[in-house]
Amino acid sequence: MKILDVREMTKTFGGLTAVDGLGIEIETGQILGLIGPNGAGKSTAFNCIAGVFPPTGGEIYFNGEKINGVKPWTLCRKGLERTFQIVKPFASKSVLYNVMVGAFAVTDKTAEAEAEALAVLKSLHFESRKDVRAGNLTIADRKRLEIARALATRPKILLLDEVMAGLRPAEVDEMVAIIKELRDRGITIFVIEHIMRAIMALSDRIVVIHFGRKIAEGTPDAVASDENVIKAYLGEEYVVS
Amino acid sequence: MKPEKINRIALVLLSAAALGLPLVVRSATYLHILVLLYFYAYLTTCWNLVGGFAGVLPLGHAAFVGIGAYTSTILSLQYGVSPWLGMIVGGLLAAGVGILIGLPTFKLRGAYFALATIAFSEGLRVMVENIDRLGPFTINGPRGLQIPPLDTGLTNFMFAGKEPYYYSILVMLAGVLFLTYRISRSKLGYALNAGGEEPEAAMALGIDVARTKLIAMALSSFLTALAGTFYAQFTLYIHPKSIISLDLSFEIAFIALIGGRGSIAGPVLGALLLRPVSDFSRIYFGDTLPGMHLIIFGVVLILVMNFQPRGLQEPLTRLYQKVVNRLFHWGALEAAR
Ligand SMILES: Nc1ncnc2c1ncn2[C@@H]1O[C@H](COP(=O)(O)OP(=O)(O)OP(=O)(O)O)[C@@H](O)[C@H]1O
Ligand SMILES: [Mg+2]
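Chains as they are written, first to last, in the numbering used here: chain A, 125 to 365; chain B, 37 to 373.
Okay, chain A solo, but in the shape it has when bound (with noise of 0.2 angstroms):
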C-alpha cells in the first residue's frame, strides 16, 4: 500500500521553478532516499508535502487522501512528520522539554507526554542528556534531538532533511543504525543525504532529482551506475565519502 504519492508536483518562487512535475511514490515500511545537487529542489519538495507551503500545482496523497494544503500542525497529527535541514531546537529549553512538545501532539497530560518523551529519549540512546539545554548541545546531538522531538508525535511516516550534515563518520554510522531501526519500528522513512555512502547503506530505493526535475529512479546500484546521474554531479561540488 502507497503511504505517500505525489504527482506531478510543480512549486515556483516568483520566475524561478524549483520542483518541476515531480512524481514520487512511496509504499508503508520503506525507506526512499531522494538525492540531488545543491539547489535541486528536495528541500522544497519536502516543504509542499508537510505543508509549509501548498505546491503551486500537481497532487499529494497521504494515505489515499489528498492533502494539498493542508497545515503543518493537522499533517502531524495525521502522522505526517519532518525535520529541518537547519535544525530549530527550542534553544533555551532542555532536550527533555523540546521532545515533550512533540510528545504533547498525541497526549494532554504532562505526565505521560514527560514519560512518552523519556522513552523516546531512552531509544535513542539520548536520555543522559535529558537535562542539558538544547542551545548547548553539538551539532551532532542536535540532529538527534531533531529525531527524538519527530518520534515523539508517533508518526507513521517521517521525512529527515539531512539529518547527517556536517556529522563525524561514526555518528553518521550510529544515525544509519538508528533510522533502520525505526523502520523496523514500522516507520517509513523518506529521507534527503548528501552522504552517499549513508544513503546507498540506507535505501530501498532512491529517486534522483535535478533542477527540480526527476532524473533517475531504482535501486541503490542502479541509480549509483546510471548515466544522467553521473552527469549531473559532474562538477557540482559534492561529498563523496
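The reader is advised that the hints may include incorrect statements.
In the DSS-like style, the derived pairs of lysine-lysine whose C-alpha atoms are separated by at most 25 angstroms in a straight line are [to be verified]:
{"id": "1", "chain 1": "A", "residue 1": "Lys217", "chain 2": "A", "residue 2": "Lys190"}
{"id": "2", "chain 1": "A", "residue 1": "Lys254", "chain 2": "B", "residue 2": "Lys358"}
{"id": "3", "chain 1": "A", "residue 1": "Lys195", "chain 2": "A", "residue 2": "Lys254"}
{"id": "4", "chain 1": "A", "residue 1": "Lys126", "chain 2": "A", "residue 2": "Lys355"}
{"id": "5", "chain 1": "A", "residue 1": "Lys217", "chain 2": "B", "residue 2": "Lys277"}
{"id": "6", "chain 1": "B", "residue 1": "Lys143", "chain 2": "B", "residue 2": "Lys198"}
{"id": "7", "chain 1": "A", "residue 1": "Lys195", "chain 2": "B", "residue 2": "Lys41"}
{"id": "8", "chain 1": "A", "residue 1": "Lys254", "chain 2": "B", "residue 2": "Lys277"}
{"id": "9", "chain 1": "B", "residue 1": "Lys143", "chain 2": "A", "residue 2": "Lys217"}
{"id": "10", "chain 1": "A", "residue 1": "Lys190", "chain 2": "A", "residue 2": "Lys338"}
{"id": "11", "chain 1": "A", "residue 1": "Lys254", "chain 2": "B", "residue 2": "Lys38"}
{"id": "12", "chain 1": "A", "residue 1": "Lys280", "chain 2": "B", "residue 2": "Lys223"}
{"id": "13", "chain 1": "B", "residue 1": "Lys143", "chain 2": "A", "residue 2": "Lys195"}
{"id": "14", "chain 1": "A", "residue 1": "Lys217", "chain 2": "B", "residue 2": "Lys223"}
{"id": "15", "chain 1": "A", "residue 1": "Lys233", "chain 2": "A", "residue 2": "Lys190"}
{"id": "16", "chain 1": "A", "residue 1": "Lys202", "chain 2": "B", "residue 2": "Lys198"}
{"id": "17", "chain 1": "A", "residue 1": "Lys233", "chain 2": "B", "residue 2": "Lys223"}
{"id": "18", "chain 1": "A", "residue 1": "Lys246", "chain 2": "A", "residue 2": "Lys195"}
{"id": "19", "chain 1": "B", "residue 1": "Lys358", "chain 2": "B", "residue 2": "Lys41"}
{"id": "20", "chain 1": "A", "residue 1": "Lys280", "chain 2": "A", "residue 2": "Lys190"}
{"id": "21", "chain 1": "A", "residue 1": "Lys246", "chain 2": "A", "residue 2": "Lys217"}
{"id": "22", "chain 1": "A", "residue 1": "Lys126", "chain 2": "A", "residue 2": "Lys280"}
{"id": "23", "chain 1": "A", "residue 1": "Lys246", "chain 2": "A", "residue 2": "Lys190"}
{"id": "24", "chain 1": "B", "residue 1": "Lys223", "chain 2": "A", "residue 2": "Lys246"}
In case anyone wonders, no lab produced these hints; they're calculated from the structure.
With chain A held as given, fit chain B with the ligands onto it using these hints.
Positioned in the frame of chain A, the structure of chain B with the ligands alone reads:
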C-alpha cells in the same frame, strides 16, 4: 530536608509575611504603595502570558485595564450592577477585544506587533477622551468618572481603609501566579513557549501556533481587565490619561523585561524593584522632572539586558537554588551524625 520541602516552607513563610505585612506597615501611604506594587505585579503576570510565554511584545495592555475599569464603573454607576459582576463583564469584553487585536496582529513580527498594539491602545484613549456619551452610557470624555464613596463593604467592593484593598489585590496576585504556574506546566504552556521560540518547528510538531497565541491573548486580556475594576474601586476615580495611558503599558513591559519575561517570579521581582523607584521618583521629582522614573527604567533596562538578558530572575533563581542545596546537604550531614 528534601529540596521540595524547603521550597514549600519558603512559600509558606513568604505567604505569611505577605499576609502579616499590614500589621507592621500602619502608614496609609506605604500601604498605598504596596497595593500599587501588587497591582503592577498582577498586571505584569497577566502580560507575561502573552509577552513572556508567547514570545511577542505587546505594548498596549493599558487598553484592557481601561476596558475593565470603565465597564464595571459605568455598569455600577449608571445601572446599579455590582462591581464584581461588572468585573466579569469587563473581563469578557476585554477578552473579545484581545482576540480581535490578536487575529490580524499575531502574524506581524517583532516591532510591527508592538507598534500595532500601541496604536490600538492610543486609539482607544483618544476615543474615550473625545466621547461624552456612547449610546446609553455616560463616558464623560477627559473628565473621567468619579465613584461616590457610599456604602462600604465586600458586596460593593468598596472599603474605608487600605487593608481590605491590600488583601484583595494580594489574593488576585496569588491566584494569577498560581494559574501561570499551572499553565507553564501544561500542554498550553509548552505550546506557547515552543511557538514563541521556533514557530516553524512548533507547527511541525502539531501546534497551531496562531491559535495558542489567541488563547493566551484572550486569557491575558480577561485577567488584565479584572485589575482595571480593582483600580477603579481602589482610587474611586478613573480618567483616560490615568488608566489607558502608554505610561502604564510601558511600565508593565519594563517590569517584565527587567524582572525576566517568561518566568513566573520575574514579574514579581521586577515590580519589587521598579515600583519603589517609580513612586519615590514621583514624590521627589514629580514637580521638577516628571517622567524621571521612565528614564531610570530605561537605564536599568540597558544595564540588565547587557548583563542578564533573561532578567534579574535568573541570577536570583540560581542563588536561591544554591541556598536550598546548601540547606539540603547540611540537613543530610546533621542527620547522618
Ligand atoms: N522560500 C523560498 N523562496 C524563494 N526561493 C526559494 C525558497 N526556498 C527555496 N528556494 C529556491 O529554490 C531552489 C531549490 O532550493 P531547495 O532548498 O529546495 O534545494 P535543496 O535541493 O534542498 O538544496 P540543498 O542540497 O542545498 O539543501 C533554490 O534555487 C532556492 O534558492
Ligand atoms: Mg535542502
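Tested hints:
no., hint, result
1, Lys217/A x Lys190/A, "violated (36 angstroms)"
2, Lys254/A x Lys358/B, "holds (21 angstroms)"
3, Lys195/A x Lys254/A, "violated (30 angstroms)"
4, Lys126/A x Lys355/A, "violated (31 angstroms)"
5, Lys217/A x Lys277/B, "violated (40 angstroms)"
6, Lys143/B x Lys198/B, "violated (43 angstroms)"
7, Lys195/A x Lys41/B, "violated (45 angstroms)"
8, Lys254/A x Lys277/B, "violated (50 angstroms)"
9, Lys143/B x Lys217/A, "holds (24 angstroms)"
10, Lys190/A x Lys338/A, "holds (22 angstroms)"
11, Lys254/A x Lys38/B, "holds (22 angstroms)"
12, Lys280/A x Lys223/B, "holds (22 angstroms)"
13, Lys143/B x Lys195/A, "holds (16 angstroms)"
14, Lys217/A x Lys223/B, "holds (15 angstroms)"
15, Lys233/A x Lys190/A, "violated (31 angstroms)"
16, Lys202/A x Lys198/B, "violated (56 angstroms)"
17, Lys233/A x Lys223/B, "holds (7 angstroms)"
18, Lys246/A x Lys195/A, "violated (30 angstroms)"
19, Lys358/B x Lys41/B, "holds (15 angstroms)"
20, Lys280/A x Lys190/A, "holds (16 angstroms)"
21, Lys246/A x Lys217/A, "holds (19 angstroms)"
22, Lys126/A x Lys280/A, "holds (12 angstroms)"
23, Lys246/A x Lys190/A, "violated (35 angstroms)"
24, Lys223/B x Lys246/A, "holds (22 angstroms)"
The structure does not agree with the numbered hints 1, 3, 4, 5, 6, 7, 8, 15, 16, 18, 23 stated previously, though it agrees with the rest.
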